[in-house]
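Undergrad: Sequence:
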Amino acid sequence: MNSKVEVFLFLLFRFLNPGLLEVGLHHSSRGSFILLPEVQPLDHLLLHSVSQLCSPTVALTPKSLKRPKMQMPRDSFPTDWSPPPVEFLNKSKKVPPARRRPLEDLEMDLPDSDQKVELASLEELFWNMSGPSQQQAGTPEVSSGGSECYVNNLDYLLQEKREQALEQEWEQLLQQEHPRLESSTRDDDDREAVLTPEHRMLVEKFSVSLQVIPPVHPGETVFLPRRHPLPCFLDSSSLRPHSQLEELFLRSSLPEQLSFLHNGFLSNLYLHAADCPRPLLRWLFQLLTWPPETSSRAFGLLWDLSIDGLFRQPDEDMRLWYPSLQEVKEVFRCLGAYNPALYPHGPFQHSSRALESEASLGCWEPQDPPQEVALDIKLSYIYRFLILCFLVQPTSYTDASILGLMELLCRAGLDVGLRLLPKTDLQQLLLLLLENIQEWPGKLQPLCCALSWVSDHHHNLLTLVQFFLDATPRGRQLRSQLSLMVIARMLGQQESLPLWGEKTQLALLSQLLSLMRPSSLRQCLGSETLPSSPGQQSKASAELDHKVCYLCHSLLTLAGVVVSSQDITPDQWGELQLLCMQLDRHISTHIRESPQAMHRTKLKDLATQTYIRWQDLLAHCQPQGQYFSPWKDI
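Read in order, the letters of the sequence shown are residues -21 to -1, 1 to 613 in mature numbering (1 follows the signal peptide of the UniProt record, and there is no 0).
Source of the hints: derived by calculation from the structure; they are not laboratory data. Every residue, glycine too, gets a C-beta built ideally from N, C-alpha and C. Any given hint might turn out to be false.
[To be verified] In silico SDA-like pairs for lysine to any residue, Cα to Cα no more than 25 Å straight-line:
#, residue 1, residue 2
1, 581, 478
2, 518, 569
3, 581, 207
4, 422, 478
[Said to hold, decoys possible] So the derived label-pair ranges between C-beta atoms look like this:
#, residue 1, residue 2, range
5, 370, 548, 32 to 38 Å
6, 182, 151, 33 to 39 Å
7, 573, 194, 46 to 52 Å
8, 182, 598, 21 to 27 Å
9, 133, 351, 52 to 58 Å
10, 283, 197, 52 to 58 Å
11, 450, 181, 36 to 42 Å
12, 425, 299, 40 to 46 Å
13, 243, 599, 55 to 61 Å
14, 137, 519, 56 to 62 Å
15, 243, 546, 50 to 56 Å
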């Protein structure tokens, strides 16, 4: 047989029978291929291949020409390799087993039984070469009936999760049974956290203190919390009913009378009456201390009855019911206000009748707003009605009553719960009260003395000064004098300095400004002995430094109020120039900024801004004689 034909037939045989053992050929010296002795004769194999090729049942199609997916030798990658199926992408779908040629088909293609043993070894070789990852992912099982099976790859993840949960449970049980073990580990961590002296110096050098000058005052505890409002009973002993509905109202209990208010029956009874009874107005004013659902209706009816009564009276003699100072104090006590100076007998003590009916009053109110917001709403109703009273009857209160009312209102405005809420109504009422004082400026000194002792904290007193607007000359005069008195009190110079003498306020402020030096304040505040241990001593020193800067910041702000409230004239130019020099000499140059103390930076910023503001005032009030004029001698 020709050598070319032999090679062609051999390749054709290899192509049609890839599963059989390779036939060993040896190139002879005559240029032809010869078979090895241990392999079957080539003619027999070629005839077998030709018979398969010529059989009518076998057709050369593209599918038949493809090589079957059998295992390649060890040095090549398997042709039928595929990654393990991902079950979570298709949970409800059946994953068919790996595509693999059945053993029965291979046995049918093999001519003898010796090749079956070789195929079995090739099958084992294929699964050995698939890698450990594919075997661990789960080998698909082929059932005898040829049915499909399910492959779940999340079993190992769930098993790992269960093991982690068990480990956590074991750790918790171990900590419960042996609590000393956890404390010992913490002690070990603390021992490891001990810094060397070099590291400690480095940390202290670059550490930043969290102590800053707060922008909001600390406030005072003025109003105590109340779970239920105090009962307010209508004194109907002197009232005579004019209708059956009014008689029913006067004879009803407190909850029934409140139902009259909520349903609008009181408006039908008294809104267009010729004369509204004063006990009813007093009762409505007391109801302003109740939760907003009731106080809003009481305020609306009280306002409408007061305005309606004013329009029914002649302009020459207008009368309006207004609460006395004692009634205003009682209303504040009903709100929960307690101050030993104003109420020496303690909180409000109500009768047994009030205690019995107090439990039945909570059903009237729906879900109330927060206590601070509700308190602000009630105070706003009281302030608005008092503004109406002072606008209609300016001379209804004496000067002593006005001073006592202003002190009461200022104490109430410093409540802790009202620090972040606006106080527009309070500022308008205080300004109106200040303008209604008859003896002015004779009442300025007692008013400033009373207001300067409302609180012991310098920031609260600064906020108290800011309650009074500088919109009127009296307001500016009160702000200036009260600020000066607060500075003198904080520095302990209230008795030694002649605050009400002939000296101007700028001259007195010049004497007080030299005492506001941070080093002087440190001596006053640090009179107590520092702790003996170095760690506590450094901490106490840092706290003392913060207190000094905090106090100096408030005093310097009050000094700015004193200067800004003055009408600077050319005669006061020298005093203001002296203030600028002392500010730069005693305060600005004594503040050493540090990254670890941001409160010093804030204090120095305030000193710089105050100095620039005062220099601007100097430029505007400089006398004409101080200017240089080149045409003076011409």
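Undergrad: Out of the numbered hints, which ones does the structure contradict?
TA: Violated hints: 1, 3, 7, 8, 10, 11 and 12; rest satisfied.
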